[in-house]
Amino acid sequence: MSYNVLIVDDSSIVRSVVKKSIGMSGIEVAAIYEAGNGKEALDILNREWVDIVFADLNMPEMNGIELVEKMSEDSMLVSTPVVIISSEQRQDKIDALKARGIRAYMKKPFRPEGFKEIVCGILGEGGKGNA
Amino acid sequence: MPEKEHDIRILGRVVIEILEEAAFLFTEPMDENNASEVSSEVFVAKLGYFGPSKGEMVFSTPLNVASELAANLLGLEPDDPEVAGKGAEAVGEMLNIIGGALLKEWFGSEADFEMGIPVVERISGAKFSEEAARATVHLPLITEEGERIDAAVIK
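For the protein sequence lines, the chains are A and B, in the order given.
Going by our numbering, the first residue of the first sequence is number 1, and it counts up by one from there.
Going by our numbering, the first residue of the second sequence is number 1, and it counts up by one from there.
Chain B on its own, in the form it takes in the complex (with noise of 0.2 Å):
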């Protein structure tokens, strides 16, 4: 049976639902052959486990969806002073929500699994590509404002 790591609806269902519920933003999955390229920065967030088996999550937005996000999350205006700053930060704990709901759903609750940290870095689009290309799973997905976010799994 195949692992459920490798399943992109597991993944995909996960992400959009938490995107949805922690953050307010609405994404759909995009068809990764014909996905528009990264062509901005990106902040990276990628996050270590290991369990039954181990790998890597990775989550991943434009500049400026992060920014959103800090403020999605905050509840604040985008422009508001306290969310200045607070992208990369945004992306980090994204992921470490969307880390143990993607636990749960890989290996179940009573699994003995462990989650790191995330770490953040800000990156070209141009090696965020380069990166995504080695990835196990990958799912790229779209805002509705046509922002691009992309999550996957390295095994």
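Same shape as in the complex, but just chain A (with noise of 0.2 Å):
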């Protein structure tokens, strides 16, 4: 009933803001990792766990897109959901990004509230957890 959480942000402010949301949104969690690029993120997800990530869309050495395509080649990582969190409102990308499979899209400023609705959605009020 615990979940292992994945933040990717080069911006400790939101990874703060997402941690906080994820409280807010009453789901249990185990675990949160925390990343600054995709690279680091991968990294973690290769040596932890992880039942959802929220990534950014532009970091510095590996940006959210190239993340979620290397999961998406990982028969590890390719069903681990992965919801964006980010600034980038080119709708091409956004598509392109939910082609790839990504579960949700959020643009930012988001509402705290918002994320108990799309984490709920993803991972089940009252679901089984892998921790």
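Worth flagging that the hints you see were computed from the coordinates, not collected in a lab.
Source: prediction; values computed, not measured.
Some hints could be false.
Claimed, not checked - In silico BS3-like cross-links for lysine-lysine, where the CA-CA straight-line distance does not exceed 27 Å:
| no. | chain 1 | residue 1 | chain 2 | residue 2 |
| --- | --- | --- | --- | --- |
| 1 | A | Lys107 | B | Lys54 |
| 2 | B | Lys4 | B | Lys104 |
| 3 | B | Lys155 | A | Lys93 |
| 4 | A | Lys93 | A | Lys70 |
| 5 | B | Lys46 | A | Lys107 |
| 6 | A | Lys107 | B | Lys4 |
| 7 | A | Lys93 | B | Lys104 |
| 8 | A | Lys107 | A | Lys20 |
| 9 | A | Lys93 | B | Lys4 |
| 10 | B | Lys155 | B | Lys104 |
| 11 | A | Lys93 | A | Lys39 |
| 12 | A | Lys93 | B | Lys54 |
| 13 | B | Lys4 | B | Lys54 |
| 14 | B | Lys104 | A | Lys107 |
| 15 | A | Lys70 | A | Lys98 |
| 16 | B | Lys104 | B | Lys46 |
| 17 | B | Lys46 | A | Lys39 |
| 18 | B | Lys46 | B | Lys155 |
| 19 | A | Lys19 | A | Lys98 |
| 20 | A | Lys93 | B | Lys46 |
| 21 | A | Lys19 | A | Lys70 |
| 22 | A | Lys20 | A | Lys98 |
| 23 | A | Lys116 | A | Lys93 |
| 24 | A | Lys39 | A | Lys19 |
| 25 | A | Lys98 | B | Lys104 |
| 26 | A | Lys19 | A | Lys107 |
Take each chain as given, in its own frame, and dock them per the hints.
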């Protein structure tokens, strides 16, 4: 019933806000991992079980689109749900990400209240986690 | 038809809305001719973009306003230890959010455009004023507390 969450954003402020929003969503969290870019995220994903990923798009070293592509190419990561949280508003990029299988796209600035609906929709209220 | 990037009203509307929505900071435009000088050090964030045209977006606040932005974004009191040292990052993140909204306003969501990653530096008010003088569009704003914030586009 507890979930492992990975938050990927080069802004520590955004990572803190996402953490708080997850807390407000009512989902029981076993562990929260944080990464400043896609490369750090992949390192975490390769050594820890993660139930859901929240990722920005515009990040140094490896951006969110590259991260989603790498995850989709890895049989161990392809089914891990990804929620993109970004200031990006280009429709073709959003459509391409959805075609790649992201579970949701949240535009910045986001309302913490909106998190509950998205997180519960993906993980399910009272659903089983893997931790 | 004038480029939308040159339209100070679009810049003003987007910046004011984002500051309110994301950071609960209420501002209004200052008359650039009567704007107070930028006397103190500021954090200035710059964000390059390219698409139907290219340029750089600029967003700047005094250091104390940057701390207030960080506190508001984090939902904490300004003197909370977690807020300390986060002012520059807050200014960068605000420009990141503003940038996404501005590009959509200027070019539409179907256009081919790219946005970079904000770069933030701390500079003197005098140096900022010199740089702002080169802006294609420059909008000084004032907060409810009388603090000056600046937004600009350089083409």
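Each hint tested on the structure:
no., hint, result
1, Lys107(A) with Lys54(B), "holds, 23 Å"
2, Lys4(B) with Lys104(B), "holds, 11 Å"
3, Lys155(B) with Lys93(A), "holds, 25 Å"
4, Lys93(A) with Lys70(A), "holds, 16 Å"
5, Lys46(B) with Lys107(A), "holds, 21 Å"
6, Lys107(A) with Lys4(B), "holds, 22 Å"
7, Lys93(A) with Lys104(B), "holds, 13 Å"
8, Lys107(A) with Lys20(A), "holds, 17 Å"
9, Lys93(A) with Lys4(B), "holds, 22 Å"
10, Lys155(B) with Lys104(B), "holds, 17 Å"
11, Lys93(A) with Lys39(A), "holds, 20 Å"
12, Lys93(A) with Lys54(B), "holds, 19 Å"
13, Lys4(B) with Lys54(B), "holds, 12 Å"
14, Lys104(B) with Lys107(A), "holds, 12 Å"
15, Lys70(A) with Lys98(A), "holds, 15 Å"
16, Lys104(B) with Lys46(B), "holds, 18 Å"
17, Lys46(B) with Lys39(A), "holds, 24 Å"
18, Lys46(B) with Lys155(B), "holds, 12 Å"
19, Lys19(A) with Lys98(A), "holds, 23 Å"
20, Lys93(A) with Lys46(B), "holds, 23 Å"
21, Lys19(A) with Lys70(A), "holds, 24 Å"
22, Lys20(A) with Lys98(A), "holds, 25 Å"
23, Lys116(A) with Lys93(A), "holds, 25 Å"
24, Lys39(A) with Lys19(A), "holds, 20 Å"
25, Lys98(A) with Lys104(B), "holds, 19 Å"
26, Lys19(A) with Lys107(A), "holds, 16 Å"
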